[in-house]
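Put the two chains together into one complex, using the hints given.
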Amino acid sequence: MTTKLLLGDEALAQGALDAGLSGAYAYPGTPSTEITEYIQRRVQAKSSDVHCRWSTNEKVALEEAIGMSYAGKRAMVSMKHVGLNVAADPFVNAAIAGANGGLLINVADDPSMHSSQNEQDSRLYTDLALVPCVEPSNQQEAYAAPAYAFELSERHNIPVLIRLTTRLSHSRSVVKLGETRDKNKLAPPADPRQYILLPANARGSYLDLIARQPQLLAESEASPFNRYQEGSDKTRGIIASGIAYNYVQEVYDGISPHPLLKISQYPIPISLVRRLFDECDEVILFEEGYPFIEGKLRGLLGDRKNTIHGRLDGTVPRTGELNPGIVAEALGLPQPDGLPQPDILVGRPPALCPGCPHADTYRALNAVMKQYPQGRVFSDIGCYTLGALPPHKAIDTCIEMGASITMAKGASDAGLTPAVAVIGDSTFTHSGMTGLLDCVSENAPVTIIILDNLTVAMTGGQESNATNRLAAICHGLGVSNDHIKTIVPLPKNHDENVAVIAEEVDHQGTSVIIAVRECVQTLRRHARQGGEK
Amino acid sequence: MKKDIILAGVGGQGLLSIAAVIGEAAVKSGLFIKQAEVHGMAQRGGVVQSHVRLSDKPIYSDLIKVGSADLILATEPLEALRYLEFLKGGGMLVTNSAPFKNVDPYPQDAEIEARIKALPHHLLIDAVALAKQAGSVRCANMVVLGAGSPFIGISEDTLRTAIEQVFSGKGTKTIETNLKGFNLGRNGGNRIE
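Residue numbers (my numbering), protein chains in the order written: chain A, 1 to 533; chain B, 534 to 726.
Worth flagging that the hints you see were computed from the coordinates, not collected in a lab.
Worth double-checking, as some hints may not be accurate.
BS3-like mimics (lysine-lysine), calculated; alpha carbons at most 27 Å apart, straight line [as the list claims (entries may be wrong)]:
no. : chain 1 : residue 1 : chain 2 : residue 2
1   : A       : K4        : B       : K634
2   : B       : K561      : A       : K176
3   : B       : K535      : A       : K176
Same shape as in the complex, but just chain B (with noise of 0.2 Å):
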């Protein structure tokens, strides 16, 4: 089992908390991890990205090759494409669909909906309705997660496991809040368009 995957968003998207329970619930599954991750001046409303790689093999690089990620999981569409490079052909990318427009000009939705559709394997999900649907907007990025769960090599069990782990401290209201967006997006992301 190897999967190298690409963690993409904006500062303030919780992207790595995403990377935080992929990294318990790797530890968990028994599995190698190497997970890099941007942290300082790049956190102010800029860009974020993580790389994390799994398998059952000891791990070397700390970074993804170009052309060689499994996944690109995103919380913002265009953030979703920034990286496209490092995705391998027959790779998948799901990605929150709601753009978060702090810069000007942002490329037009249709433009940017239209590049991620020209991908084979993809998925666009409302990760920020959905996570209003679990009850705080701030649980969109286990919205995300959950949508990409199915292709990141480690049971959805595991995963939800590792939520109630990573958010330990923030109180029970917290934990189900980001249990249920992960839900929600499992559901709701469970299919390869």
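Bound conformation, chain A alone (with noise of 0.2 Å):
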């Protein structure tokens, strides 16, 4: 038997390249980077040509996978929680038109917000779309999702979210690998319908769409990965849903005195559910992310005889990521004490590297902005958001990706002037594009400044989509080659790139400048290779 240490992301991958996968696809995001990562890597996905690339942004990575299975081949796509906002209208309509070849949307969730800007549980997501989902609480269960999800999926015509949280993305541990299976061979859907959702077509859809829930909740009820262990102690229960199930375990060693019901398949598995509350006092839940068993249970009307303990009646702390310290109190179990902490600690919060682009971009628009006193610097998702801490103190804005440009836009609208974006060159491809095209339209007096370090830097130097294609890009979008200025960002070149957006900044319509230097990480891991990137 083949064993290997792993990363949840990592066993994840593999069990998908076991299972027959076609084609990955993904946009970099952490926790999810290393499942596409590992596949890129793999000698076994190259040969038998397993489409891995990095594609665009989400929605579009989804589009693709939803065309692999459209065509009858096993596809997934990856990303982190975020993401899936940006891919949820073809998440929302692919549960409607169903799945051909066998389709996992991976969603790796960021509980804590460990890298993240928001903690949302991409359960809710599958409420919406009423779609099923697997989420393993450990990373054998992470190797053996994919295969049962696309069993899952095709058995279905539906597309199965698997759900991971930081902690499991982020852990090894050893696998034991399983079968491999053939990759499926091209048989485009038998119903030349399914595919078209016109009104016509998409009614059908959604009400047969809703007759397979009854289908998917015996799943669950079914499910190899959902599991009632009996305890004697019954003046209590436990749902634990999944990498929360781990602590439970560890904090009981192994052995609950309680009735224990871990859930790492959805719909929830009601009949189980039932019995936990048939058979137990009160119940208590784990679960990482959102208190999405929990709310439901309740209701609307609540909780009125006081038997459901979790994150909403503050037994478990309302947000961020549990722990076995948090359950074994919640459990009220004693615990050791730690030392404490020492009184002399500082933070160390995340700064740009030495010599990294940005700073020496920061540096030319802080010597321009201070100019402007009431001026306003829009900026993005990527290492660069770190330039609104000390001590470059030089951006005013991160919402979400692409977020730069259309909110310096609105901003510019209202009479907030100058407006400057600031974007990464793969944030502008993943979503300030469409933005752009919106500044151009009314040649808004908004100057964007693209970051262009050659690669996706925050994730761990991916490649990235816009590299060498960003000034024509900006062109065809229909900049004028008069605003579309090139920088160089070294120390060297500063009063030279001040002038320059001094001038753009100055220039009453929309004009572009980009800064163009390799990331220092990417620059040093391809001298070390000795080749030219």
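What follows is the structure in structure tokens.
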């Protein structure tokens, strides 16, 4: 038997490869990035010609995966939780169109916001789209999930969401590998109307999706991912979903005295939940993320008998990641006291790397913006968001992917000028291009600085689809060549760069400045590999 | 056998390579392992930490409970102190003594040293100096691993084999330097103060 030491992300990727995957689509996003990176490294993927290039954003990635599923092949798309917001349109509609070849949507949530701007719980999206969800609790289950979910997807003609959370995505354990399966043959859908969601077709497909819900529930009730463990002390029952199950097992050393319901497949297995409530006086829930199951149990009218405990009644903290300490405390178990934290500790906030090109661009931008105290700099998601912190303090906003250009335009529409947008190369192609087109349509007085470090840096230096294409894209979208400037952010070019930025900020129309210099991290890596990018 | 180990350091110090070596060695020793680490934003000159759990029985949680770590192994002294609440009574703290000062104000060196020396079981080792002696400052992480190796519960030889494996793609010279660093750390650190 083959075993491997794998991250949860890698275990999922290996499981998909072994289950006959034909295409992996993704946009990088912590904590999901390693799923696709692993596939890109595998000889197994190369030799069987598995598609695994990065897509430009999560929406197009999912649509490409839907196309591969349409062709009859097994496809998956991977993203972080906020990526599913970007891909929400194809996600909800793919549920109505269904799946031909097995279709998986792997979403890694980030409770506690280790590298994210929110801790939204992707299970809520499965309610919206009426699709099943598998939420592995450990690396072995992460390996098993794709084969299982592909079968489920093909059996019920429906996409399946696999939910990971940061701790499982980024924790290693030994995984036993199973059988490998051949890829599907090319086989477009038998019903030519399946993927034509004209209202007349979609109404029927939607009714059919609703009609399949009882079967999906039956799958959950019988799923090997869901398990009812007996316990003799029925004063309390426990529901633990996903990785939270491990923490309950940990604090009871693998033998819970209370009946314990592990939930790792949705829709929520109602009869198992009912059995727990029938057998136990009260129930405590541990869920990584939102109180998703708990909220449904309480319903609109709440818990009048006070038998439900979890994040909503304060038994478990309302926000943030769980850990064995939180679980033990909620269960009233004694815990060792840790040593007190020394009073001399200081934080060590992340910072731009020494020599980072963004730092030089920010120095030049700050020199210009000093002249305009009423002006604002709207920024975006990437390493350069660290420009909000000292010593740069160069940007005023960061909301989500692409919001720099569009917010700058909205603010300038309101009369707030100068409005400057600062966006990374990959973020620009991900979600900035459409906003630039809006600026061009009205010749809005917005200065857009694209920080082109020739990579997706924040997530570890993946290939950027923007590389060598930015000037052509901006020109193609209608920006006048007179107002597409390129600068090289280096200390020796400071005065020259300040002059270029000052001139374009002064320009009463849309202009783009592309600041091009390779990320110091990828530069070092390329130098080590002895090759040129 | 059961060891809960907190690895602590600053992004770029090679903490995850220490984790990879222990991981390889644990697999070779037939142990169960869980090793949780932080990727992403936290890497950029910020704090990096990893929870490593080794046992001869199945391990459930990927995270270590407060007050239950057997060992804190750190590539930076302030980072070693950051996770003190995880250390169990009688636990061991092994750390590089050379500070990495990318924040201002950074606590006084003497203050940090005093907090570490107040612990009943600790080991301060100048990993940077020993790494230079081994041939490259970049192997300071393996010096720290060497110093901590008597407290990990895995044989010295297995750890050395794992180093060879983890660095196998980087050429024989890199492997030799890292092994030398490990040995210097082991010899310089094979005592409990």
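Report the numbers of all earlier hints that the structure fails to satisfy, in ascending order. 1
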